[in-house]
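Quick note on numbering: the sequence shown equals residues -18 to -1, 1 to 204 in mature numbering (1 follows the signal peptide of the UniProt record, and there is no 0).
Mixed in with the good hints, there may be bad ones.
Stated by the list, open to error - Straight-line Cα separation of at most 20 Å, EDC-like style, residue types lysine to aspartate or glutamate; simulated pairs:
hint: 1; residue 1: Lys122; residue 2: Asp51
hint: 2; residue 1: Lys40; residue 2: Asp92
hint: 3; residue 1: Lys39; residue 2: Glu136
hint: 4; residue 1: Lys40; residue 2: Asp51
hint: 5; residue 1: Lys59; residue 2: Asp118
hint: 6; residue 1: Lys59; residue 2: Asp182
hint: 7; residue 1: Lys59; residue 2: Asp124
hint: 8; residue 1: Lys40; residue 2: Asp124
hint: 9; residue 1: Lys59; residue 2: Glu82
hint: 10; residue 1: Lys103; residue 2: Asp182
hint: 11; residue 1: Lys122; residue 2: Asp182
hint: 12; residue 1: Lys102; residue 2: Asp36
hint: 13; residue 1: Lys59; residue 2: Glu151
hint: 14; residue 1: Lys39; residue 2: Asp124
hint: 15; residue 1: Lys88; residue 2: Glu151
hint: 16; residue 1: Lys84; residue 2: Asp51
hint: 17; residue 1: Lys40; residue 2: Glu82
hint: 18; residue 1: Lys122; residue 2: Glu82
hint: 19; residue 1: Lys105; residue 2: Asp92
hint: 20; residue 1: Lys103; residue 2: Asp118
hint: 21; residue 1: Lys158; residue 2: Asp182
hint: 22; residue 1: Lys39; residue 2: Asp51
hint: 23; residue 1: Lys105; residue 2: Asp36
hint: 24; residue 1: Lys40; residue 2: Asp118
hint: 25; residue 1: Lys39; residue 2: Asp118
hint: 26; residue 1: Lys88; residue 2: Glu136
hint: 27; residue 1: Lys40; residue 2: Glu151
The set of hints was computed from the structure by calculation and includes no laboratory data.
Nothing here was measured: the structure is a model prediction, and the numbers come from that model.
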Amino acid sequence: MFSVLLWLVATFLLCCDGRKRPRHMPATVFGRPFGGFLDHSDVHKFAAPTVLNDQVKKGVVYQSVDHFDPLNMFSWKQHYLYNMQFYNGSGLVFCMIGGESKISYKWIADTSYMWLVWAKKYKAAAFLPEHRFYGDSHPKRDMSTASYQYFTIEQALADLRNFILNINEEFFPNVKTRWILFGGSYPGSLSAWFRAQNPDITIGSISSSAGMHTQLDYYRKF
């Protein structure tokens, strides 16, 4: 009887040790948490974007669900943020490619980020498009295998080309634009691949920490 009572007390103490435990594992994509491994939740404490509040605006571009099937007539809204604060009419446009999370205001409002430091220095417009199937930009509303057939690198690169062409028409008519792409990690890969495939509408890309040699069965240490 005493041993049973001791076991109950020990169990109670373990359950009441005061430590907070996660109720569930964080949502991930290929082992990577949404938003990456860095926690930027307190970035607003250090950033001072108030002077840019009226400069950062939202927009949408209509994209094809499947860019490679002419019989697929379905479309969806790709959301983006933009900042024209530093643009001087030169045609220079910077594009930070959205990655595996919802696009965030801080990335285009906080002028301490290097790409915006350069935008200010070189008088460039700044755009931040959201990647398909993240945030508010969903070609399909469900997460079925049938829907995820459109969740590919090829479709994302085609989205980016159509995005640039639409932005040129809407914001820079009769202007010879010069686009430079930015990205880190997976978006860094996209920026390099896109530049290689689309030299006609870009003049460069800055790719940081990008994985360039993809492997389906990667067994080595990460």
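Need the list of violated hint numbers for this structure, in ascending order. 3, 4, 6, 8, 10, 11, 14, 15, 16, 20, 22, 26
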